[in-house]
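Add chain C to chain U, keeping to what the hints say.
Heads up: the protein sequence lines correspond to chains U and C, in order.
Letter by letter, the first sequence follows residues 1399 to 1631 of our numbering.
Letter by letter, the second sequence follows residues 9 to 451 of our numbering.
Don't read these hints as lab results, they were simulated from the structure.
Predicted model, so just to flag it, every value in this text is computed and none were measured.
Treat each hint with caution, since some may be false.
Only pairs whose alpha carbons sit at most 35 Å apart, straight line, appear in this in silico DSBU-like list of lysine-lysine [said to hold, decoys possible]:
hint, chain 1, residue 1, chain 2, residue 2
1, C, K162, C, K317
2, C, K140, C, K166
3, C, K170, C, K90
4, C, K307, U, K1566
5, C, K140, C, K162
6, C, K227, C, K170
7, U, K1578, U, K1566
8, C, K90, U, K1416
9, C, K317, U, K1566
Each chain, letter by letter, is given below.
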Amino acid sequence: MPVQYVIEEWDFRELTLKMRPPVFIPRPETEELVGLVMEELRTRGPAQDSPASLRFLEVGCGSGAVSLSLLHHCPQCHAVAVDRSSEALDLTRENAERLGVLERLQIVQLDVLLDADSVLCQCGSVDFIVSNPPYVFAEDLPLLEPEILWYEDQRSLDGGEGGMDVIKQILCIGTRALKKNGKIFLEVDPRHPLMIQEWLRSQSDHGLEYRETHRDFTGRSRFCVLQKTAPEC
Amino acid sequence: MKNCICFIGSQLSKQRFLLAMAGAAHGSRQCALTHRYYQQWNWRRTPRGPAGLYTQQLTRRHCQHFSKELLQQESVQRYLEKMIEEYRQVTQRLNNTALTESERRTMSRRQIELSPMATVFQQSQRAVKDLKDVQAIIESAEAGEDTQMLELAKEEQKGIRKLIEALQIKLLQSLVPSDKHDASDVIVEVAAGRTTGGDICQQFTREIFEMYQNFASYKQWAFEVLNYTPAEYGGLHHAAARIAGESVYRHFKYEGGMHRVQRIPEVGLSSRMQRIHTGTMMVIVLPQPDEVDVIIEPKDLRIDTFRSKGAGGQSVNTTDSAVRLVHIPTGITVECQQERSQLQNRETAMRMLRARIYQQLIEKETEQRQSARKLQVGTRSQSERIRTYNFTQDRVTDHRISYVTRDIKEFLSGGELLEELISELLKSAETEALLELVENSRD
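Same shape as in the complex, but just chain C:
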């Protein structure tokens, strides 16, 4: 991409964002997240005016979500100012020695919470000031027709602009509260739904499971199959896997839900008549809790294994190593027969049980929190579909952010395309969370 430099004065900085992202709403608090469009802009150089004003237009496959613009919104600005003010006050009061121990403790905790944001804010203020200085230099260099100076100043300006962008994104991220499970490992479960179209659900389930497997290796995470139950004709009935690595839950949390597929089945009457069928499959994502988060008493567990009559032990030889764990208080049942060693199966089942119990706990918590967020994890009703994969039109649509991407085959290979979708989802979620936070703080 060629990088044309934008010469716009600081008073027009707001407008710059608008030029760069056509059609964006400015000033109003309209949340443009409910509606997405698929855009293609071309690189163009439009000379305008004696100062050589060029407009910068970008070619992208999908629009970047308005994080910079978000920052320009009044409510967000006010919230930011409020936080900065609070930080200043806290710092001042901490320097004042006349404080009780508990007051000091709460103040320092608050300061620690706010300091990353304050640092980034200071950095961005400095960067904006530097930008102004550079622009002044550019203007004077132009007036004096000093081309060398002009070149240097332009370079510097480019660098500062990039820095400002990065800092603004960082600032937004520091405002958004992070999910406490973001860094955990996950257990992903997939299950085929029901359909009238032959075995498209089962085939699709297998493809999705493989997509996640490839994604895990693309991100260099460990992928461990806990359970794999194939269906006939090569499809997958249900399966479970454990994915371990850095920030796995953060990436996977929006994968949970119902995925819909539309394709022409390979066998049966419909394939001959080329009739499209719709099927669904369910993905459940469970964060893996640490041992301390979920305490399971041995007396609350019932372990079902192959149990022989008589004395057992040496007098019996069996290859049946299947284990079923029943957690009596909650009634959650977990089975595992993946390994040949019964102990391994038991450990795997315990892990899955722990994750499921934890998930129940979290869901109870989030139910109480009334939030209108679209990208809320976990409390979505089971029948809401989050994504549709249309094979005949070669299109994947995520309904929560109305995001469309082409090339299903590439998508199912679990590489860049999936990563892009996930990052878009994360951005939308962060924006929603931030706006909600800002809203709540106004009252």
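Chain U on its own, in the form it takes in the complex:
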């Protein structure tokens, strides 16, 4: 059994979060995803005329690591955390309470693949979207470490045939839910940045522009940043 489940907690950035099977255990790469978003907030922060609160959406929150880190770091932000698993949401709620950020967090149980419209109703218009979606290629799933397959929720790993199912859905949601110039931050498989750019070229009227690819600490292309450039489509 993974150590994190045995001791029922693990650290993520400066926070200590409770862990419980089968909720997905945050990976070290995701710490950098949060860092990217924080950097973005920092650079755009002073430019804002009003310190109005920022709203963001997290798709697939799991234990709540990403949302809670951001809420903890930015006292003015509000978050909407979405996950299809009720266990994940319970754990997120528990961690949010422990950190005292529950009032700024809205927790919604939804499967974005089935119910994208509800997401839009629930979260309204957001300043940015952040996500560590299931991105393992379906064909790679059986090759994972047994420990992962036995204890962690496979639905939090399985991204479908090209690993792109959830990613594509997030981009569609982004098209409609993001404010102008809002950004999407994704953690993906190293093969995905090119696949995403290709897919965007094949689609029209999405109003999204692919901005950057960032590498993780092992040098693999891990993070994609996209921006909404056109108004309501």
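Quick look at chain C alone, frame taken from chain U:
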């Protein structure tokens, strides 16, 4: 302590200092810092002469270093006069409007540098004058046998004396140039040395680390452990900590170096035979630079972490969060595995790396400056021991200022005793720095 009042005329003020600190050299430029003695004087009242002259003698555990006496030294006096003269000239020239912009700027900068010293000097001159006036009053009151007036005057004199002492110390401090890192936070690293006596080094390293931890809490500084590698049987192999607070570096800069321990080990043949062994441990103190002082390019860094085959990311779960940073241009390597979060480890390692690179920079700088100062930070050779802790004789000796203190247990608790030693070290260092400054200015 009872405070006997000293009635000495102003002409004898120099002698007063000498009486108060027996055995001090006066007039000569002999630097009495190389040799320290452990003194105990008793309070005594010796009536002398019709004016009721009492001598003041003090009970202290160790002698205060001759800061007042230092002021009496000719060279220091001359230096002081030179500085005051320079200040007067600069002020005069600044009032004179016929100056170019750059001249004005350099003059005002110099004035700002010298003004604290000038202010204190003026204050002390005023205080000395007040003292003379009071003494005149006392003499007249005695002649007229006005006891009430006498009492009041005595009180006033006490107050002025204290003020003069404080001002003189302040004056000396304002002359000594301060280290630009004095206000920084530090990273303290401890490492056990080698010994034949079992694990006395490791035990000792742990005790010293705890001493610094207690000292940090005594001074209300933040103590954050960056690295802690225990050895077997409860000792400590090496550790690192970050201490943050006010003027931390100023207090810690003379802690760096080799500390020697002499004790009988707890286990092994030697403990049964009660044989004393000598061990050593190393303390390294690094000032923490601001981000701007040390710029590290990301391309100069190699980060080694647990790296899986394949795509990594979601497909791997690991608890191995150890990070090793290698700074390629200098070859400095830093490791950290203290935290469970890899990012935290990386940040800690970056901090340590920055401090080490900065330390290298400073050492290069100070190497160039040729100074014979004993209390020079950083360029000491690695094998020079700075302090010896003798457990069997219950004694701690600092070799740089030949300072001895008893009660090792109390010392290791990181409280007052350590603070006293540090303040003595600082005073000696300031005196040395001042004398060096005075020397250099004569040429």
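Legend entry - Enumerated hints in conflict with the structure, sorted upward: 1, 8
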